[in-house]
Every structure is written in C-alpha cells, then in structure tokens.
Amino acid sequence: MKKVLSLAIAAALVAPAAAMADATIFGKAHFIVENVDTTASTGATSVDAWGVDSIHSRIGVKGSEDLGNGLKALYHFEFKVNQDSGSGLGDRNQFIGLSGGFGTALLGTHDTPMKMSQGKFDQFGDLPNGDIANVMPGDDRVDNVIAYVSPAMGGFTFVGALVAGERPDLELDGLADHVSLAGLYSNGPIFASLAYNTYDLGTAVDADPTLLRGTFIWNGGMWQAGVMFNSLSLDLPGVDDPDSIGVSGNVKVGPGKIKLQYLMADSERAGISDVISGFTPNVAINNGVNFDLSTTPATARATDNEVTQISVGYEQALSKRTTWHAGYTMYEEDLTGKEVDALFAGLIHNF
Amino acid sequence: MKKVLSLAIAAALVAPAAAMADATIFGKAHFIVENVDTTASTGATSVDAWGVDSIHSRIGVKGSEDLGNGLKALYHFEFKVNQDSGSGLGDRNQFIGLSGGFGTALLGTHDTPMKMSQGKFDQFGDLPNGDIANVMPGDDRVDNVIAYVSPAMGGFTFVGALVAGERPDLELDGLADHVSLAGLYSNGPIFASLAYNTYDLGTAVDADPTLLRGTFIWNGGMWQAGVMFNSLSLDLPGVDDPDSIGVSGNVKVGPGKIKLQYLMADSERAGISDVISGFTPNVAINNGVNFDLSTTPATARATDNEVTQISVGYEQALSKRTTWHAGYTMYEEDLTGKEVDALFAGLIHNF
Amino acid sequence: MKKVLSLAIAAALVAPAAAMADATIFGKAHFIVENVDTTASTGATSVDAWGVDSIHSRIGVKGSEDLGNGLKALYHFEFKVNQDSGSGLGDRNQFIGLSGGFGTALLGTHDTPMKMSQGKFDQFGDLPNGDIANVMPGDDRVDNVIAYVSPAMGGFTFVGALVAGERPDLELDGLADHVSLAGLYSNGPIFASLAYNTYDLGTAVDADPTLLRGTFIWNGGMWQAGVMFNSLSLDLPGVDDPDSIGVSGNVKVGPGKIKLQYLMADSERAGISDVISGFTPNVAINNGVNFDLSTTPATARATDNEVTQISVGYEQALSKRTTWHAGYTMYEEDLTGKEVDALFAGLIHNF
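Chains as they are written, first to last, in the working numbering: chain A, 1 to 351; chain B, 352 to 702; chain C, 703 to 1053.
Hints listed in this document are in silico derivations from the structure and should not be mistaken for laboratory results.
Any given hint could turn out to be false.
[As the list claims (entries may be wrong)] No farther apart than 30 Å at their CA atoms in a straight line, the calculated lysine-lysine pairs in the DSSO-like style are these:
(1) 423(B) with 774(C)
(2) 608(B) with 431(B)
(3) 423(B) with 1022(C)
(4) 72(A) with 471(B)
(5) 774(C) with 257(A)
(6) 72(A) with 603(B)
(7) 822(C) with 959(C)
(8) 959(C) with 80(A)
(9) 774(C) with 120(A)
(10) 72(A) with 423(B)
(11) 80(A) with 423(B)
(12) 774(C) with 252(A)
(13) 320(A) with 774(C)
Using the sequences plus the hints, can you model the full thing?
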C-alpha cells in the first residue's frame, strides 16, 4: 500500500489519468479565399470585399472501448477552430455513448436527427454563402440531448433525439421540450429520409412550431440528383406557414465534378424570424435551436419575403483526404432587396 | 548550412517544433441526466427542471522526458470541456515540472495540497450537487503556483504549494501570499492526511484566514469509511470560526457499490461568503482562491447558516475505464431555507 | 448500399471523420518565476511583484499528406495555452497549405515574413520583458493571410504574404491591404535577411506606413552575434520616421551559454502609438497588425520618447527538448520616465 499511495499521490499531481490508449485525433482543415459583394437592401450601396477564412475547421478527440457482451462505450469531443477570432476553440458535437445490438444511445451535444437526415444533399455545406442553412430551417446542433440511433434494418434507420430546454424561467423544464425524429432509407442508388421536429417555446411564445423535412437523393454513379422540402407549421393566427424547397446535383466531369444547387423559401430560413416580428433577438431555445421569439406574434408580417439561393461549383479530389473546390453563390430576397454574390475557392483536408 | 536554412525556414513556417514523440492524450467524458428541484429561500416557489450536462468532462496532453541522472522533465496541459456553453475549453491543471530522487517540483496551475489531501473521501466528486466543495472550503485549483511533492517515506508523503497573489494593487505581490501544505500517510487499509492553508488577503480585508483539514479513510476491501473535518479561522472580531465535518463510505453490493455521504457546516462553504458581508462579489484572491471579500468586515452576520448535504448513490464499473452511476442529493440551509433535491444518473469514461 | 448507409449514419453520429492517421501533437511548455519592478512614469511609486507565469505555452495538431507528383497537403492548428486566465486556448498559427517543387503556399493565420526574417536574433523571445517586440515593430501574426515560401536557392529563400483587411467599413476590402515580403540568406556562419512591409490603413488615417527590417547574424560555433534595424516610414507632415536598432549575442560558457541583448528605439515599438496621437485605442487593422490609428495625425508628438531595453541571461539545455534559463531585463523610456526591471528564471520543454 505504501507504494500504491506514493504512486497515487504522484498520479494525482502529475497524471490525473493513466495513459489508457486509443484516443484518436481527427479533424478537418478548410480555408477559402472569397470575394463577397453584398447589397443590404433595395437602393443600398453594394459592399465588395475579399477575405481569407476558415470554414468550420475543426479538431477533436474520440475513442471507444469494448465492454464485452457486444456492448461498447464511446466518447467524442469535437471543437470548432475559431481561427479568425483569436478565441481558440468553440464547440461542435460532444458526447458520451453506449452502442450494441440495440443501436447507439448518446448524452451530450449533437446534430439533430433532422440535420442528419439531409444525407449528402448539400453540395455547398459549411460555406457561409452556399450552405442550405441560409435558407432552410432545421440544420441545428443542440446541447442537452439524449439521442438514439437504431441499427440498420433492411436499409432503414431510425434516429431520435430528446432535447432538454434547461430554461425553467420560460417553463422549459422537461427532457423533451424539443424533439427531433428521422427515418432514413438507403437502397442501391436511393437515399430517402423524412424528419419531424417539435418545439415547445415555453412562455416565450405560444406558437408550438413543428417542422417536417423530406429528402430524396438518387446517386447514379456518374451523377447525383436530390430534392428536399421543409414545411414549418406555426400556430399563429393570420400567419402563413413558410415552406422551402431545394434541388441539388452533381455530375462527374474530367477528374472532378460540377455541382449545382437551387433553394427557394417563402422567407429567409423559412421565415422564423420574418414571420414572428417584435422578437427578442437571439433568444436561443433549447440551447442551440435558434428560434427568434416574440411575445407579440400578432404583428406578424403580412407579406412573404421570398428567398432564392443559387450555387454552382466545381470540386476535385487530390486524394482521399484532400479536395480543392471553387464556386459561386447568388442569394436574393425579393421583399427587402438584399442581394449577395459570392465567389470562392478553397482547400479541404480531412484527418 | 544551406540545407539547414531551408529546413529551418520551412520548419518555422509549417512546423514550429519537429514531432518529438510521446505526447499522451488523456481525459474523461462524464455526462449525466438530472432532475433538480430548487427552493431558493423560505417560502419561495420551488423550480423543478430536467437537464443533460457534462460533469467536468476534460481532455489534456501530457508527457515526460528522461534527462539522465535520475532526473525527468514533465508537462501537463489539462482543459475542461465547456460542452454546454459553446465556449470550447476552460482550464484545469497546467504545469511544467522536474522530478527525481528529491521528489517533484512544479510551476503553473494546480490543485492545492489541501485539495489533494482528501484522497478518495468524496463519493460524489465533480457532481454539481454532491461534491464536497458545495459545503467545505479548501477544494481549490490555483494559478501561479510553485508546488513540491516529496517521495513517499514509510508511507508518508509531504506536499506543499506557494501561490503568488499577482495582485499588487491589493499589496499581494509575493510568491507565498497563499500557502497550502499537506502531509499524507498510507499504510495497509489506512489513509490519513492533515492539511493547512494560510491566506493573505492584502488590503482587501484584514482577516488573515487559516484553514485546517483532516481526513481519515479506512478501506476494508469490501467497504470503505471516511471522515473529514475543516476548521476555518478568521481574525474578525465577533465572528465565529466556521467549521464543517463530513462522513462518507461505500460498500460492495453485487457487481457495484452503494455510496453514502453526509456533510454539515456552520454555513455554506464553511461560511466565507456568509460571515463576511458587504463583500465585493467574485473578487478572486490568488487567482483561483475565491474568497469573497469585504472592506467592512464589521457587518459580519451574527447568526450561523447551518448547511447539510446528504447523498446516496450506486455505481457500477462496466470496465476499468467505464462506469455508470445514479444517486440522489439533498442540500439544505437552515437560516435561508434554501433547499435542493437532485436526482441523477450518468456515464463516465476515462481515457 | 444498405451496409454503406448504416455505416454512413453511424459515422455521421459517432465519427465525423474516420481515423486517418498521422496527426501529430506538438507544443511547448514554458513557465517562469519572475520579479518585476515597474515605475509607470517619472515620479510614480514603483510596484514590485512576484509572479509565476506561462510564457506562450502552446499545443497544436499538424500533419501532411503526400498527394503524388511531388505535391503535399499540410495543415497546422496551433493554440496558445491561456493558463493564467482560465479561458482555455487562444490562437497561434493556423493554416492549410500545399507544398511542392514550387515551394509552399498557405491560407490562414501566420507569422508575417518580416517576423520570420528575424531568424535567431532574439535571445529573449516570448518573455514579457525581453522580447524584441517590446521595442521593435513588425513582429506580427496575422489572420486572413495568403503566404508563399520559395524553395531555398543557393542559400536564398523568399517569403511573401498578402493579408486581406476584411474591414470594408474602412475601405480595406482587398486581398493585399497589408503586404509583408522577406528575403533570407544563409551560408556557413552567415544569416542575413531583409524584410519590407506595406500597410494600407484605409480611411482610418492617411499615413501609408512602410517598414523595413534588416537582420544580420554571425554564428561562430562557440558564439553568435547579431544586429537588427527597423525603419518605419510614415507619410505624416512634421513627424520624424521612428527607427530602432538592436544587437544581440551569446557565448558558450561551461554547459550553457551567456546571452546579451541591447535594443534602442526613437520611441516604444518604434513609435507607432507615440507618433500618432489622438488614436482610437486598439483598432486592429488587418486583424492582427495592431496599428493604433488616428484621424487627426496632425497632433503628432514633437518629441521622441527614446526607449532602451537591455537583457542579460544564461541558459542551459538539459536535453534536446528541455532547457532552463535565468536572466534580467531593464526597460526605460526617457520622455515618460517609465522603467521596468525584471528578474526571471524558467523551464522550457518542447514536444
């Protein structure tokens, strides 16, 4: 025991946990050069600027351990590299879990099943101009989540997440103030998914939104084509439910592929912040679902603000882990007259 | 030299330090689901809420190098995973050191010897409701520390730390404005320790607190029982010195163990913030010793606020590195009427 | 495809990127004990304080991948360990790049070529009192950089960086609002470099500064001697261009070496913040080039504030990766009367 103590003390001081193998470092480096031309509203002067930016570059540590009886423990800590801000790291998916014959169960921070249900639809994911999240709701990463992923059964997988609100001040005090469910199906060239979200907004606003997303992708080998729709239902008198729809695709050309994407919505981000005016800016419900909320939803805007986002691009793999790409995105709002034209070229390395 | 230069330049640009082996990644993933029922004070409405939370999850990098002649260099950078806040990482123990026949000497941020002296007393460590730090003073991690750990001699180990105040504005400008010393003894089933802290609070308040902690643990193999006391001395006229005492234990039952813990104090955290009123909130002395201070200590409260914290739980190892646990903690203050009831279940994975 | 989907879904959930080898962890642990005696200005009371501090301790992850045809992809994410502040990590060099026969090209955050051109001139680099950056301008790390490093040709290497301003509000909207160029030559005992910076300060101030730095180092094996000058040109009527000059050297003595450094400037940091008064504090141009700016440069100070920084020290390697050092730095401003005396001893471990 003497030896044990001295070791224990030394360990407490210099080594909180003995080196226990198999932590894996992973991440993604993605930087672009871009030119963005922005006109804030009808009649405003356009601002044209160049930039060099990290595009959700990330690093993480993860690992797993076989517990016997087909059971596995796993952990995953992923961080955003805040390259441009000087503030070190931000948070991405971070959780602990158990997996086995029953599937996988998780606790922590994770993308919602709805976000996961998009599969490979987004041809311009992560790009500040280009990502579907600019136009479509439901691409959320949430804290305080209990998630479950079923095993694949005949090509079918179910994913569900309960999200605790942790805002008792708004009477959001349950384990399932926000729920996200998704069914995914994959068979040969087909990928199809349907996802459904419910949101309790507590005492902030009595709108009880629900969100439905459908995605269908056909992968023909030399080409891919996909369609996605989102339908948001708001329990607000006199307010239309905003919808959004998008098509995307790519086709192999030479050593790379040409990418296309067209998204359209009744209003930006399918209208959450647009439809509900008088909102408290940046009130985050469920720690991560960024619903802008109002206590006076009656003042909802009568007119839709139709949004269009069109992107074209080219990308070419330099190896399994390294890709370069270039492209152009045009974003327009018909009511406000906002317009963004973005040209970009970048390099991606996964590790 | 030509080659050397080009290499040097390339290195400066792409590789500040050549890969030099043996950095070890370590950490701990700990998440719980909890239900917490809080009554802020006598007569207040209780708030009951569910949550999913990271419990001091952490990652770190550490390593050591043999310098010859029995000397070793070591480093340790450990960070808290701020999963719930979106702010990336916070700080835990971070230091550089030398170890050899003389023991180990460190510079940086570290748990105080008093914190280290608790051994395995705390059955509910880290838990927001359950950790002894809710009731007992002295569980501090401090910046600006010079620490020393002796080799074990006949079961006895000495640990000492000098902490620089780095607050010359408060006339805390020495290397030992805060001192923490501990002697630990381990022999067969016995673990015993005594720790002593002095604090200079500079011109903020002339109370010159000292803190004494004793811990005794008997580990009988199938069961463990421990007792701890803390005695704080304050040089404030008319103010009683707050004490705290606790007992804890566990007993093997089936594949796991049942845990019990009972803590009692004259006032919360042994009364620092309670005894000294008119304090400046969150004035951190010694960068980490969170003494709430006052320039008018004369207004100290006459009445004690007796605090009780009782926890029961069960934990079961699923492997050497993975453990699940569940439990309940009750916290009460008799003067304010504050009451907290917490139910929790969690999963821990060390790596 | 069924299997692929279930794997893809599982991967999306628990493993954003398959473990893809060869990420290298690197870093530096550097802590000192120091005593600093500061007199803020003529007649002020001196403040004398001890401290224990991390000196730009850092950790990072980097790697590279062979793309074939002599081409290589590389990434580098380096973070400052904010040990003393509790805020986790800050940013250092972070970039993605391609290297090949043409040299190396980078996107991200990086030291400027001018900073790189100092070679091993600075005998007291990183030290809060001692680093040449206290006196000399041009030691910058910048965001939004496109950098290029040529291959070494006959001992000669060229390094260039274009820095995007990303401040369209100040009409800094190009890719080269700040430019830094350096030529480095190394042959036998000789290291010589010349670097040149241009800064566009947009609408903030019409001074169009340029900075020229020359460095010459002779490494005689048992000793090293170096000289560096910086010349800043400001297009401001009635304002002298501030210059700075320094000499440094070291000589082997016993198992270690004695280090000397003498720096002198017309005004602190060669006078940027001194020459241009009425400035807006901490306006960072080019995200990292900390030019303090004024819209009323006409009030520039007539009198120089001559700065002297003298350091002596000793350092001894305990291994290839571990070094201890001790030293003294004296800093003086003749106009303001500011004076700093710093004694320090520290331990460095590279990994």
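Structure-based check of each hint:
1. 423(B) with 774(C): violated, 37 Å
2. 608(B) with 431(B): holds, 28 Å
3. 423(B) with 1022(C): holds, 13 Å
4. 72(A) with 471(B): holds, 28 Å
5. 774(C) with 257(A): holds, 22 Å
6. 72(A) with 603(B): Measuring from Cα to Cα gives roughly 24 Å; hence the hint holds.
7. 822(C) with 959(C): holds, 14 Å
8. 959(C) with 80(A): Answer violated: residue 959(C) to residue 80(A) is near 42 Å, above 30 Å.
9. 774(C) with 120(A): Judged against 30 Å, a Cα distance of about 28 Å means the pair holds.
10. 72(A) with 423(B): Violated, at about 37 Å.
11. 80(A) with 423(B): The given pair, whose Cα atoms are some 35 Å apart, is violated under the 30 Å limit.
12. 774(C) with 252(A): holds, 24 Å
13. 320(A) with 774(C): holds, 13 Å
When the structure is compared with the earlier hints, violations turn up for hints 1, 8, 10, 11 and for no others.
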